[in-house]
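J.: Sequence:
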Amino acid sequence: MQNKNILIIAGGTGGHVYPALAVAEILKQKGFNLFWLGTNHGLEKNILPKYEYPLFKMNIIGIRGKNIFHLFLAPFFIFISVFQALFVMIKIRPAVVLGMGGFASGPGGIAAWLMRIPLLIHEQNSIAGLTNRLLSPFATSVMTAFPDVFKSSKKIIFTGNPIRDQIKNISAPNERYINLKSKELKILILGGSLGAEKLNKIVPATLNSFDSNCTLYVKHQCGEKNFLNTQDTYEKYDLNVDLTPFIDDMVGAYTWADLVICRAGASTISEIAACGIASVLVPYPFAVDDHQTKNAKYLTNNGAAILIQEDKLTVEKLKKVLSDFLNAPELLIEMAKKARKLSKPDATYDVAKLCMETPYA
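Position 88 of the sequence shown, counted from 1, bears residue number 1531 in my numbering, the numbering being contiguous throughout.
These are computed hints drawn from the structure, not numbers from a lab.
All values reported here derive from a predicted model rather than from experimental measurement.
Careful: at least some of the hints might be erroneous.
Stated by the list, open to error - Beta-carbon label-pair distances, calculated as ranges: (1) N1651 with T1687: 18 to 26 Å; (2) G1746 with K1679: 32 to 40 Å; (3) D1767 with D1681: 23 to 31 Å.
Unchecked claim - The calculated SDA-like cross-link candidates involving lysine to any residue, where the alpha carbons are at most 20 Å apart (straight line), are: (4) K1644 with K1760; (5) K1644 with L1659; (6) K1641 with K1611; (7) K1629 with D1767; (8) K1534 with P1561; (9) K1500 with G1474; (10) K1762 with S1625; (11) K1629 with A1615; (12) K1611 with D1692.
Just so you know, even glycine gets a beta-carbon here, dropped at the ideal spot from N, CA and C.
Take these sequences, add in the hints, and give me the full structure.
T.: Listed below in structure tokens is the structure:
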């Protein structure tokens, strides 16, 4: 009888956890038993209880960008976490281990290699993170969300980034943009779970600079900590927008929008491409290795988005971009179509398929 146990290692941020959940749902539908290895402090501890996957935790902490105290303690936490991961694997005996990047994957990947369990890793960003760079020589296969992340070899597979079926099944740009009108625009602003402070300041001021000849509808996700300040800013300009700390229904938000203004996290880029939506991308300037700029260029180099670095984001610059779309709405659908062509709609299934096939190859 085949071993149906699969261990997924994903933790820390939504960029690692949500793609892993998309893969887990397919594996569950195929009859596999899913187990999850994460951290004590990451997003997974709040998200996983909503699902039926047993969650095991390690004491690992991230080290990049940390102070000297964290760097001093890091070897100790890594050592302890490897043993915690070994204990989990001895207990559940997985047929394969899927590491979805981030510091949580490090100890689990080492433990899988020590136990000679097939290790698959997935890199969500266009610049490989430290953990995946270190694990790649020991992995059976290395999957990437973007092309040319690692040097070409037989084990490198460009799968794309796993996303939820509901998002990739959104209707095509030709259908969604059918009622585009000149001087009218529906704008979705996404600042990420923490909100993007620069967007929260520049966007209201930009909207206020337009005259009454233009009709702008706005949904703005500003993050919980920035909600009151952003609300005050909109009220100061007497602007009526749909302002919210979080958006639960991203499918509805993407379907509604003509244009998205957002950061350039890997999952966001993949979702924009999958939906086929025009976008203005403002990469987070302090992302490790400036990977958000490289993520954004996957779209912008193909005419599928507009890139504005945060230090160049001004009211005048953003107004010019929005004015171009208001005066020539056909630009929106052209950009949306180009984005859709860059999507990898089968990414979630392809990652799941590799998990199902690798132990028995």
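J.: Look at each hint and say if it fits the structure.
T.: Taking the hints in turn, this is what the structure says about them:
1. Roughly 20 Å separates the CB atoms of N1651 and T1687, a value that falls within the hinted 18 to 26 Å.
2. Take G1746 and K1679: their Cβ atoms lie about 36 Å apart, and the range 32 to 40 Å holds.
3. Between D1767 and D1681, the C-beta spacing of about 26 Å keeps the proposed range 23 to 31 Å intact.
4. Proximity of K1644 to K1760 is assessed by CA-CA distance (about 14 Å); at most 20 Å being required, the pair is judged to hold.
5. At roughly 17 Å between alpha-carbon atoms, K1644 and L1659 fall within 20 Å of each other, so this suggested pair holds.
6. For the suggested pair K1641 and K1611, the alpha carbons sit about 29 Å apart, so the restraint of at most 20 Å is broken.
7. Restraint check: the Cα-Cα separation between K1629 and D1767 comes to about 14 Å, which is no more than 20 Å; the hinted pair holds.
8. Among the hinted pairs, K1534 with P1561 is consistent with the structure: their alpha-carbon atoms are about 16 Å apart, no more than 20 Å.
9. A C-alpha spacing of about 24 Å is found between K1500 and G1474, which places the hinted pair above 20 Å, so the restraint is violated.
10. This hinted pair checks out: K1762 and S1625 have alpha carbons roughly 16 Å apart, not beyond 20 Å.
11. Taken as a hint, the K1629 and A1615 pair is honoured in the structure, with Cα atoms around 17 Å apart against an allowance of 20 Å.
12. A hinted pair counts as satisfied when its Cα atoms are at most 20 Å apart, and K1611 with D1692 qualifies at roughly 14 Å.
Violated hints for the displayed structure, listed by number in ascending order: 6 and 9.
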